[in-house]
Amino acid sequence: MATGRRGAKADRSEDRIGRNDQPPDGCTITPVPDDPEIEVPYRRSVPLISTEGSTMTLLLTARTPAPTLPKHTSAAASARGATKIYGRGDTEVVALDHVDVDFATGQLTAIMGPSGSGKSTLMHCMAGLDRLTAGSVTIGDLDISSASEKQLTILRRDRLGFVFQAFNLVPTLTAIENITLPMDLAGTRPDRAWVESVIDTVGLSHRLKHRPSELSGGQQQRVAVARALASRPQIIFADEPTGNLDSTAGAEILAFMRHAVRDLGQTIVMVTHDPVAASYADRVVFLTDGRIVDELTDPTPDAVLDQMRRLTN
Amino acid sequence: MPRLTVKNLWANKVRFALTTFGVTLAVSFIVSAFVLGDGLRASFEKVSEEIASGVDLEVRNVADLGDAPPLAIGTVPTVAAVEGVDKAVADIEAADNAVRPIKADGSTISTNGPPQLAFNWIEDDQLSAFRLVEGSPPRVGQFTIDVDSAAKHGFVIGHTYKVMTPKGTVELALSGTSSFGSENATLGAVLMQMNTAQAGELFAIDGVNAIKVKVASGADTAAVQARVRDAVRATAPTVEVVDNAAVLAETTSDFTQEIDIIGNILLGFGGVALFVSLFIIYNTFAIVIGQRTRELALLRTVGAGPAQIRRSVLGEALGVGVLASVIGIGTGVVMAQGLEALFGAMGAQPVAHPTILASRTVIAALVIGVGATMLAAVGPARRAATIPPVAALTGRSESVRLGSRARTASALALVGAGVLAGVGGLAGVGPAAVTVGGTAFGAIAVFLGVTLLSPLAVRGVTALFGWPLHRAAGVAGRLARNNAARNPRRTATTAAALMVGLALVSTALIVGESVKATIGTTYTQSVKADYFLTDNLREVRFPAALAAKIREAEHVTAATGLTYLEARVQGMAAGNAKKQVVGLDFAQVGALLDLGIESGGFDTRVANPVVVSTSEASAIGAKVGDVLTIELPNRSRIQTTVVGLFDNQTVVAQDYLLDNSVLDHAGVAQAPEWLAVSFADAAPPSAIDTLVAELARELPYAQVETAAQFGKRRQALVDNILTMVSIMVALAVIIALIGIANTLALSVFERTRELGLIRAVGMTRRQLRRMVRLEAALVATFGSTIGVGLGLVFGSGVVAALPASFASGISVPVSQIAVLMLVAGVAGVIAAWFPARRAGRLDVLEAIAM
Ligand SMILES: Nc1ncnc2c1ncn2[C@@H]1O[C@H](COP(=O)(O)OP(=O)(O)OP(=O)(O)O)[C@@H](O)[C@H]1O
Ligand SMILES: [Mg+2]
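Chain order of the listed sequences is D and A. Residues in the first sequence are numbered consecutively from 16, following our numbering. Residues in the second sequence are numbered consecutively from 282, following our numbering.
Simulated from the structure, these hints should not be mistaken for lab results. All values reported here derive from a predicted model rather than from experimental measurement. It is possible that part of the hints are untrue.
Said to hold, decoys possible - List time: in silico DMTMM-like cross-link candidates among lysine to aspartate or glutamate, alpha-carbon distance up to 25 Å:
no., chain 1, residue 1, chain 2, residue 2
1, A, K448, A, D487
2, A, K368, A, D541
3, D, K165, A, D1124
4, D, K165, A, E1035
5, A, K443, A, E374
6, D, K224, A, D367
7, D, K165, A, E1127
8, A, K448, A, E1035
With the hints as constraints, model all of the structure from the sequences given.
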């Protein structure tokens, strides 16, 4: 983060403004564009997303045709008997041990568990970035266990979205180029109205021509979320998306994700260590030693914390 | 620290192996030049020793102008009679290619370079260079030929062959075969021997070229040398008497001149390879150190001093340099042997000799290879030493700084100095060494300066060429363009090697094309003759009466021979300068050549007329009517009168044209090197055929060509030189491409994480490979664009410096240069094959987890 100081500073000042109006639960977004010429209705730092998140919905629905993702509760992705073994003999590590899990469409699911419990491994295998040793993974109606490398690439490009903990953006591309990258790779035309509404939602309209090095860490993650949303994937995988951010910036990202799920019908699976982050989810899945040991629906931070304590003991 | 140096070398072995390639190649050329030269020189010293050791003294004429005149035949007995002389024999040698054998089937021998020579047979093993192999020595009416030529061209002892001589074709019987020294070290030449009584007549030499003397045993050689000199001075004032050491040195240097040419070419190749390699070594070290910033900073935090860091990096350079040089020495020796095999295949049979790897060769190779590598690493080492310990925390920051003002200023200074040196060198002030040195220094300085400046152009050029890429290849094209532009310095240095190669080749192409165009247009314009009579070998002279004889033929309207002579010109501001003058027939030339008469004309009413070029006339301040004294090779001085000034020196490059009557007056024989002939418009083709057939019978080596063919052949000479230059440049380009491959491989490694990310969000392997290849194409295009630009400038400079008779104006072979740039781009793509494959194979998960 040696470069792009200016962007970082500007963002931090916004954060401070936001913090003043912060409600106790910390779920506030404060996109205050530097550029006064850009007409943004929520320039004042009004808490936009309460639990209902209505302001943003209004904004989005005003700009775009109604979100098209169907809202039903069938599984967007599921794993059956998912087993992943690293190494051989003495060094053998069972990272996933016969995991059966479904991620429902239109839900934000959090995966939690102690370090080394297999969270990332599960996510990578579900997202076609890694292959299982045994078992199967289905994305929608496609069994990806037998898909070729090329099919997996195209699946990732056209049907999945990603947000990583860090280093999410291609440094030589501007923010907007990063956002449309999957569609550019596919050679398809982005749905402009949709992309614009996503950009507005994450409050990046005045930063579109900037390179990642000129953006703060929080802004970079926002671009990453915008990219994941822009191609309207069937499911978004996020591995500790807020792990590198302070609580305010993290709260913003989490609020976006929940908004995308609640109001736009997006499906998101997120790995996190943070009970507060997990509390944004519709459901929390707990992993220990490569096995799903428990789950919570509509969690609160306290409930998650309790559960974690119980698991580690 | 030393342990760290070794570890770093080992960790980066692939990239350093690629880096060493250029140095290895450069060292190979240098070593092969030395090894080949030393080996051949040693063997020729042996041959010289063998063929000349029996000659204690040699008596011969020296001459200020032209070839030394022969000694009178009577000088031989005079020398023989001197006290202390055991034996004195005549040595008669025909001019190069003046005497040539004709094969049984009537065809002539083509040696592709080496001359065909004829000598008198000397009946003394110690004084003669030749040994009889088979048959008997030549009697009058007979000849012998060297044993290899006999075998190669099917000459059989006892048969009678036609032999072409300056006096016409004669028939001689082959009495035997001979060997030049014991191993017949002819280097591809054809060597014949005739009987001494007949040699002078056959070779058109009135007397003897030299007298070889054996001193009586017990006599003091120096005293005999002095006595011989005194004895012959009376009759031949310009005579000199040299001893065995001088003869040996001359014989060896006759041989080694050719070796030196080959050696210089190899050294030239080595120099270009070395220069180009410097960029690649520099780049590799710069990138590797950029990637190790964090690690080096960590070393600094735990207490390593800047000097230690610097030494560690230079230590790596030392390791790379030593390795590259040692491999280069090995491959150089192999290359020398390969080159010899090649010469053997081309007919220039080398003599068997041991491979000599002199300690001088090894030292030179090590100094050059190691020195160059370390020189290139000095900058990166200095930068490594200035990495602050705090960088360990902040990590590596890719330097995108374009350049300080100091850098720009020094770059401009380099370019300025280079241009000055180049212009000075090309203007041809001083000896050839100054010209070559000045031009080479100028070119190197300009290359370095432009390399320092070129990062400023990276963004613009890649945007220009990247735009169509983006259009055609989508995101892969855009990413390729962005990657090429992200670190302008790296791109510029990577492209620099290719820039040098393409600058050299486009300079050569432009100069070549300009010369060819001049030959093609001005040349054919100034030629009015229908046919040229030339010889396919160098320096041959046609019989003096040939032009007159051709003029007698039916339908011939005009014909003249052109005789080239060395002369001294005195009067006006000419200052007794040595000049080549041309003798031709003033009465005929008007119908044959349009030499662009400015004033006066080819006037034969004045006695001893001379026509002078306008450039020379203005240089010496002469005009029509002025009198110049011209001294010809036979020392006669003729008062000539300027009757005209001519402007077009395309066909005849010399400044002074003399009427043949001047030569006759001076008693200098006409010996035309070529003849121009015109036929009447109404001449039936059969008349021409008849003449050609007759000439072919009498002068089998003569070549009758139309003006257009004559011009084409001269253009072909230019093409030969271009081929030579192209080989040199191909080398530079190969090294440059390896440089591109190396840099890209390093960049791919450096961007592993980013590539993993792009793959994770859906870039296919194919798109990724395409992206890397397109980046290479862009880097290559950047290099070739600047290279061709420099080539245009260099080419214009050289063309401007050349006399108008060589190149009257600049012409650019646009299509060839366009093809060249395309090839460079495609070659860049090929160079990226390996890095692209590596990028494609990248494990997405590992990459993003980095
Ligand atoms: N490439 C690999 N080779 C060998 N073992 C591995 C590899 N990747 C992960 N593991 C092991 O698999 C297990 C699960 O790892 P995983 O990265 O999924 O854990 P995680 O839950 O994401 O942990 P964290 O919270 O620390 O990120 C660990 O024990 C880890 O050591
Ligand atoms: Mg993890």
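Right, here's what the structure says about each hint:
Between K448/A and D487/A the alpha-carbon distance is near 13 Å, which keeps this suggested pair within the 25 Å criterion. The hinted pair formed by K368/A and D541/A fails the criterion: a straight-line CA distance of about 35 Å is larger than 25 Å. Of the pairs offered as hints, the one joining K165/D and D1124/A holds, with about 13 Å between alpha carbons and a cut-off of 25 Å not exceeded. A distance of roughly 19 Å separates the Cα atoms of K165/D and E1035/A; the hinted pair therefore holds under the 25 Å criterion.
Between the alpha carbons of K443/A and E374/A the distance comes to roughly 19 Å, so the proposed pair stays at or under 25 Å and holds. About 99 Å separates the Cα atoms of K224/D and D367/A, which puts this hinted pair outside 25 Å; it is violated. Proposed proximity of K165/D and E1127/A is supported: the alpha carbons are some 18 Å apart, at most 25 Å. As the CA atoms of K448/A and E1035/A are separated by approximately 82 Å, the hinted pair breaks the 25 Å bound.
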